[in-house]
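If you want the building blocks of each chain, they are given just below.
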Amino acid sequence: AGAGAERRSGKELTKVGSSGGEMWSRTLLKSLRGARQSSQQSGERSLGTLCIVEAKDGAGGLDSASKATLACAQKHLPKPFVALVASDAKGASEAAAGEIASLAGVETVLHGVSDKEGANGLLAEPLSQVVAALVGKLEPTHVVTGSNTFGKNLLPRVAALLDSAPITDVVQVVDESTFVRPIYAGNALSTVKFVGKGPLLLSVRTTAFGSEALETAQGAGAEVASVGAEEVAAGAAAEALSEWVGEEKSESERPQLDAARVVVSGGRALKSKENFEMLEKLADQLGGALGASRAAVDAGMCSNDLQVGQTGKVVAPELYLAIGISGAIQHLAGMKDSKTIVAINKDPEAPIFKVADYGLVGDLFKIIPELAEKLPSQK
Amino acid sequence: RTRRRGGEAAMRVVVGIKRVIDYAAKIRVKPDGSGVDTANVKMSMNPFCEIAVEEAVRLKEKGLAKEVIAVSMGPQASQDTIRTALAMGADRGVHVLTDAKLQPLSIAKLFKSIVQREDPKIVLLGKQAIDDDCNQTGQMLAAIMDWSQGTFASQVAVADCQERVSVTREVDGGLETLSLKLPAVITTDLRLNEPRYATLPNIMKAKKKKIEKLTPEELGVDVSSQIEVLSVREPQARVGGKVLESVDELVDKLKNEAGVL
Numbered sequence: 154a155g156a157g158a159e160r161r162s163g164k165e166l167t168k169v170g171s172s173g174g175e176m177w178s179r180t181l182l183k184s185l186r187g188a189r190q191s192s193q194q195s196g197e198r199s200l201g202t203l204c205i206v207e208a209k210d211g212a213g214g215l216d217s218a219s220k221a222t223l224a225c226a227q228k229h230l231p232k233p234f235v236a237l238v239a240s241d242a243k244g245a246s247e248a249a250a251g252e253i254a255s256l257a258g259v260e261t262v263l264h265g266v267s268d269k270e271g272a273n274g275l276l277a278e279p280l281s282q283v284v285a286a287l288v289g290k291l292e293p294t295h296v297v298t299g300s301n302t303f304g305k306n307l308l309p310r311v312a313a314l315l316d317s318a319p320i321t322d323v324v325q326v327v328d329e330s331t332f333v334r335p336i337y338a339g340n341a342l343s344t345v346k347f348v349g350k351g352p353l354l355l356s357v358r359t360t361a362f363g364s365e366a367l368e369t370a371q372g373a374g375a376e377v378a379s380v381g382a383e384e385v386a387a388g389a390a391a392e393a394l395s396e397w398v399g400e401e402k403s404e405s406e407r408p409q410l411d412a413a414r415v416v417v418s419g420g421r422a423l424k425s426k427e428n429f430e431m432l433e434k435l436a437d438q439l440g441g442a443l444g445a446s447r448a449a450v451d452a453g454m455c456s457n458d459l460q461v462g463q464t465g466k467v468v469a470p471e472l473y474l475a476i477g478i479s480g481a482i483q484h485l486a487g488m489k490d491s492k493t494i495v496a497i498n499k500d501p502e503a504p505i506f507k508v509a510d511y512g513l514v515g516d517l518f519k520i521i522p523e524l525a526e527k528l529p530s531q532k
Numbered sequence: 002r003t004r005r006r007g008g009e010a011a012m013r014v015v016v017g018i019k020r021v022i023d024y025a026a027k028i029r030v031k032p033d034g035s036g037v038d039t040a041n042v043k044m045s046m047n048p049f050c051e052i053a054v055e056e057a058v059r060l061k062e063k064g065l066a067k068e069v070i071a072v073s074m075g076p077q078a079s080q081d082t083i084r085t086a087l088a089m090g091a092d093r094g095v096h097v098l099t100d101a102k103l104q105p106l107s108i109a110k111l112f113k114s115i116v117q118r119e120d121p122k123i124v125l126l127g128k129q130a131i132d133d134d135c136n137q138t139g140q141m142l143a144a145i146m147d148w149s150q151g152t153f154a155s156q157v158a159v160a161d162c163q164e165r166v167s168v169t170r171e172v173d174g175g176l177e178t179l180s181l182k183l184p185a186v187i188t189t190d191l192r193l194n195e196p197r198y199a200t201l202p203n204i205m206k207a208k209k210k211k212i213e214k215l216t217p218e219e220l221g222v223d224v225s226s227q228i229e230v231l232s233v234r235e236p237q238a239r240v241g242g243k244v245l246e247s248v249d250e251l252v253d254k255l256k257n258e259a260g261v262l
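Chains as they are written, first to last, in our numbering: chain A, 154 to 532; chain B, 2 to 262.
Looking at chain A on its own, in the form it has when it is part of the complex (with noise of 0.2 angstroms):
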C-alpha cells in the first residue's frame, strides 16, 4: 500500500443534468405542513435539527465527520432531524441518504441537491443558498455539520445568510444553548451561550463526537426523498460565482487520519521525503495512518493533507508516535487528546516530551528501524 497522487480534472468529466422535479412524498409535506401551522401559532420552530453532511464519491460509506454530526444530533441536539446529504456524485449521496436513514432520530434524508459531478455539488455559494432556503422551509432550531474543511468552508456563509452567528468546532454540548469549544490552539476552553433569535448554527470536533456510536432505528428507516425543486432552484444563481477545476488527493489504503487508531506522525528532523517514507512501513506495521507536523509538510517532505495541528487535522487516535517532532504548541492543538502519547527525539529538552506518555531520546533513523523490528505486526 503506497501513497501516491491522484489528479481529476472537471473538464473531462460530463455533466449529469440535475434531478428537478418536486419529490417531496405527499404525506411527508402534509405532517410538516401541518406542524409549521401549529409551531408558527406558537411562534416556535416545529423541526429540531438539520444535520449536513458531506458523501464522496468512492469513499465508502459516511466519513468520521458525518458520524461525529450524526452522533451530536442523535445524543445532544433537539429531535428529530433533518439530515441533508451533499455529494460529489449521485451514487454516493444516495448510499449515503440509506445509511442515514436506518439512524434514530430521523426523520428525513434528503439528497441530490446537485448531480453535477467533480465536486461542483460541493461548492459553497449554491450549497449555502440551498440550506438557506432548506432553513426557512423546515425552520429547525439547530443546524449542524462537522469541523472539517467542507463544514468550515460552508457553515459560516450559510449562517452569514441567516444573519445568525454561529458557533464552530464545538467539543462539548452543555446544553441546547450552551457550548464549549477550544480557543487559544486548544490552550484555553470557551464556554459560549448563544442569544441570537436563531437558528442556531453549530459545526462540531470529530474527535470529540465521533467515538460516540450512532444508534439504529427501531422498526422501519426514515424517509429518503429529494430536495425540493424550490430549495435547489435557490443555489441556481450563485452556480455562476466558481467552478471546480480540479483536484490532487493523495491514494492510500491506509486508514484515514481523522478516524485511525494509531498515528505515525513525522517532523522535520526527518529532513527528506525519502527518509519520511521510512514512516510508512512503521505506520502499515501498525496498522495506522500517516501525519506530520507543519515543517515536516512546509520542507515538502509529504502532502499538506497529513499536517497535524491547530490548524491542519485534529487527532485523538489511541497511540499517536511524534517522531522527529519538537511539540510546538500549534502541533500540540492538534494530537494532545491522544491516549498514549510516544515521542522520539534527539533533543532531550523538546516540549513533546512534557505531553508524551512515554519517550525515548535518541536518534530516530536508529530506533525507527529497531522499532520496526520489535515491533508485533498488528493489522
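Please keep in mind that the hints were generated in silico from the structure rather than gathered at the bench. Beta carbons: idealized from backbone N, C-alpha and C, even for Gly. Possibly wrong hints are sitting among the right ones.
[Claimed, not checked] Derived contacts from chain A toward chain B, CB cut-off under 8 angstroms, selection only:
| # | residue |
| --- | --- |
| 1 | Ala277 |
| 2 | Ala318 |
| 3 | Ser425 |
With chain A's structure known, arrange chain B on it following the hints.
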C-alpha cells in the same frame, strides 16, 4: 474603471488584519475565568493576516493591483498592526476604532461597509485568527456581498482578463483548485507565501502613509453579539510520562502498560 489592456493594473485589493497575542507567547487564563490574560503579553499581527498582506503586496508588484488597503478593527492599538502592514507595502490603512468585543459576523458587516466604499476586486483575509480560531469572517463577508469565496488558499492566480481568479485550496483530502468569478474573498492558508519582514526604511516610509479612522456607528453597523462568553478555563493538563531507556522497554510498556499493541 477596469482596463483590460495587458499590464494595466486595475484592481484595488483590501486586506483584513487582526492584532492577536503572539503565536509564541504562553497563554494564561485569568483566575476568575473571564478570559485569557492579555496584559503585558506580546501582541503581533495574526500570522495568517501577514500572509494575506504579503499576497496583496505581491499582486501589486506583479502589476495586477493598483492599490492595497489594510483594514483593521479594534482598539487604539490596532493602529500598530496597520502600520506594520503599511511597512510591508500596503498603500494606506483604515482603522475601525472600537473597544467592543467583535465577533466574526459583526466584523463581516463592518467589512461590507468598507468594501462598498473602497470597491476592491479582491478581499484577502487570513483563514483564521489564532486567538479565537474561528475561521468564519471570510466566508461570512463573501455571503453578505454575494461574492465567490476561495478559502484556505495555498495558491492564488489572477487570470489575465482580471475577471476570474484561480485558487488552489488546502482541503482534508489534499489540494483542490477552483476558478472564482471576481470580485472574490480569499482566505489565506500557511503555505500561500512567506511574508516579508518590514525593513527599517519601509517602516519609516510607512509613518507617512494615511490611516483613516472610522467607527461602527459611522459605518451604520450594529456590533452587538449573538454569542455570550460565559467562562474560559484551562483544559485538563496532560500529565507528562517517563523517558525510557530502550526500544525494548517501549514495546513492553505499549503492550503491557498502555495496552495499545
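Among all the numbered hints in the text so far, which are the ones the structure does not match? 3
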